[in-house]
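J.: Sequence:
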Amino acid sequence: MDTAPAPMGSLQHRSCQQPKMGDTWSQLPWPGPRRPAVLLVSLILAAGVMPSDAGTSCPVLCTCHNQVVDCSSQRLFSVPPDLPMDARNLSLAHNRIAAVPPGYLACYMELRVLDLRNNSLVELPAGLFLHAKRLAHLDLSYNNLSHVPADMFQAAHGLVHIDLSHNPGLRRVHPRAFQGLAQLRDLDLSYGGLAFLSLEALEGLPGLVTLQIGGNPWVCGCTMEPLLKWLRNRIQRCTADSQLAECRGPPEVEGAPLFSLTEESFKACHLTLTLDDYLFIAFVGFVVSVASVATNFLLGITANCCHRWSKASEEEEI
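Using the numbering used here, the letters of the sequence shown correspond one by one to residues 116 to 433.
Calculated from the structure, these hints are not laboratory results. C-beta: ideal position from N, C-alpha, C; glycine also. Among these hints, one or two may not hold up.
Straight line, CA to CA, 25 Å or less: simulated SDA-like cross-link-like pairs of lysine to any residue [to be verified]: (1) K248 <-> E225; (2) K344 <-> R286; (3) K344 <-> E361; (4) K344 <-> L320; (5) K248 <-> H180; (6) K248 <-> P332; (7) K248 <-> V237; (8) K248 <-> P283; (9) K344 <-> G330; (10) K248 <-> P216; (11) K344 <-> L312; (12) K248 <-> P264; (13) K248 <-> R203; (14) K344 <-> Q298; (15) K248 <-> Q269; (16) K344 <-> Q327; (17) K248 <-> G308; (18) K248 <-> N181; (19) K344 <-> G364; (20) K344 <-> P332; (21) K344 <-> L376.
Between beta-carbon pairs, the in silico distance windows are [what the hints assert, rightly or not]: (22) Q298 <-> P366: 36 to 46 Å; (23) R287 <-> N411: 48 to 58 Å; (24) P372 <-> L414: 47 to 57 Å; (25) E369 <-> S428: 55 to 65 Å; (26) V399 <-> G336: 22 to 32 Å; (27) R249 <-> H289: 18 to 28 Å; (28) S375 <-> G308: 21 to 31 Å; (29) C337 <-> G273: 30 to 40 Å; (30) G218 <-> E369: 38 to 48 Å; (31) P366 <-> V399: 24 to 34 Å; (32) G308 <-> H276: 14 to 24 Å; (33) H276 <-> F311: 22 to 32 Å.
Sequences are here, hints too, so could you generate the full structure?
T.: This is the structure:
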């Protein structure tokens, strides 16, 4: 029974073994000496599927040259299933890709640059970068990512640049999202939906040089103080888009530049009460309670007297 071929991108990589040239030729029909036209077609097909120097053919709608695979701007809805094994630069930008299969990068040990910007990605599968030990540049900007989970970039310790900008639904970055990325120099989290960012997510990045966080709806409450203090201490070594980062709340600091907040701005977060303060509050509460009871008692007596007086007046009139 004939089966319909699986659509491009639906296949998951089960192994990294590539077809041999002899296998490719052996599968082609031999047309015989009396069918030269079919022979010509077979030769053309053979040239189209013949393996490249990397051990596999270049995907349809992509161009491959010098270990660079460019599949950008092809209106792809899914990732191409097979790539040259020695690919170093893979561009899937400006497509309509909504998901990446688990283990998609397992066979491409030489990959250095991965460009997935301007797609429809909502999330990435766990362990996607587990075998991408040489990956240095990753662009996930202009997608629909909602969160960055813990250990998302696990084993990709060579990452130098990560761009997560322009993901308007990005509202959460796990404190361990960038764990182990000691070589990370550039991190772009600008123009997302972040209201808060844990200090733990950044303090494990000793090589960080550039941090972009502008264009987010930051809530500059007490929980933001540790991050801002860390940023002020790193401002000489870590370039940040200080002019674009603004507070959206609370109301008293709305519109204020994030980096304009000082320790005085968080003074109220450190107010502590002494024993005298607690005794005074307890005394005031007791006095207010007694006064409230007394006031209610007097109001009750007054209302009762007024009621009796009104009733007596009616009886005199009768």
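J.: Going through the numbered hints above, which ones does this structure break? Give me the numbers in ascending order.
T.: The structure conflicts with hints 6, 8, 17, although it agrees with all the remaining ones.
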